[in-house]
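Enquirer: Sequence:
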Amino acid sequence: MVGPITITVPGPVPYEKDSAIPWHYGADIYCQGQKVNEEDIDIGSSAVDNVGGVGGFTRSGRLFAPSTLRANTEVEAAAKAKGTQVSTEEVTTEEDPPKTAFEKEVDEFMRIIKKSDYKVVDQLNQTPSKISILSLLLCSEAHRAALLKVLNMAYVPPEIIVNQLESVVSNVNASRGLGFTDNDLTSEGRNHNKALHITMECKGVMFSHVLVDTGSSLNVLPKKALMKLDCDDTILRPSNLVVRAFDGSKRAVFGEVELPVKIGPQVFKSTFYVMDIQPAYSCLLGRPWIHAAGAVTSTLHQKLKYELEGLRNYKHQ
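For the sequence shown, my numbering begins at 728 and goes up steadily by one.
In short, the hints are calculated from the structure, not lab data.
Where a beta carbon is used, it is the ideal one built from N, C-alpha and C, also for glycine.
A hint or two may mislead.
With beta-carbon atoms standing in for the labels, derived distance ranges [unchecked claim]:
hint	residue 1	residue 2	range
1	G916	K955	34 to 40 Å
2	I1004	Q891	34 to 40 Å
3	V895	K930	44 to 50 Å
4	Q993	V895	30 to 36 Å
5	P1015	G916	50 to 56 Å
Computed cross-link-like contacts, DSBU-like style, restricted to lysine-lysine with a CA-CA straight-line distance of at most 30 Å [stated by the list, open to error]:
hint	residue 1	residue 2
6	K826	K857
7	K950	K977
8	K950	K1030
Based on the sequences and whatever the hints tell you, model everything.
Expert: Structure representation (structure tokens):
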């Protein structure tokens, strides 16, 4: 139970000066019979309703806010600052126009390039480039002279119509092809009846008088030619194939073997059927090799051609 509190009525204040007003008016407070000093009174929670908000005064006359009010004020200020930041970000986001699908693909492509060691210049150097014939003639005097030389040597009937001339010129823009002209004829011209024989290399051994025969369905290697090769790492597989010659006779196959043959600058992997025969040729290349190499042969011109990387065609004779 709390004891009674006694407050004494202040007496008259003695006069000192007009410019000073005494702070203490002589009132005393007694709690449970003991006098309470002014310093012991907690005025931190006293409210001042007439000074711009909740607060209190110190003895020196300075206005202060309670600790709870200061904490609430700091929270409100942080919330306002955060709200301002979010609002600014939202305004900035709204100002940026939405990206199109193409722009997104460009950004993704640039991100991949920056992430990897992708060398665009090296890739462009490996990409084959093309130029129109007209641009080439405008840029190079040597090419113009070469074209004039060809045009002076080409003859057409005087009654040729425009469409026919257009067809002749359009052959320049035709796709790559392999063929022969009279310029590929030998010194004998058309006055010969020779089969097509070439030279090839196999495992470091040169074979001359190799027959290229479009009528043969097999690549044939005589047994004596196989004996000339280094066959330590070569596997001769058994075969039950029986070969029928053009005269109707039958010959058994000794085995089949896969060998690398070099014809010109290109090396081809070909399967040969080994036979114990004594032919006039050292080796026979039939349709399996011709088709695999994409070669075009001509007994008339005594040559064969095939496409080679970096060249339009390679001519072997």
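Enquirer: Now tell me if each hint is right for this structure.
Expert: Against the structure, the hints:
no.: 1; hint: G916 / K955: 34 to 40 Å; verdict: 36 Å, holds
no.: 2; hint: I1004 / Q891: 34 to 40 Å; verdict: 53 Å, violated
no.: 3; hint: V895 / K930: 44 to 50 Å; verdict: 48 Å, holds
no.: 4; hint: Q993 / V895: 30 to 36 Å; verdict: 33 Å, holds
no.: 5; hint: P1015 / G916: 50 to 56 Å; verdict: 31 Å, violated
no.: 6; hint: K826 / K857; verdict: 35 Å, violated
no.: 7; hint: K950 / K977; verdict: 17 Å, holds
no.: 8; hint: K950 / K1030; verdict: 27 Å, holds
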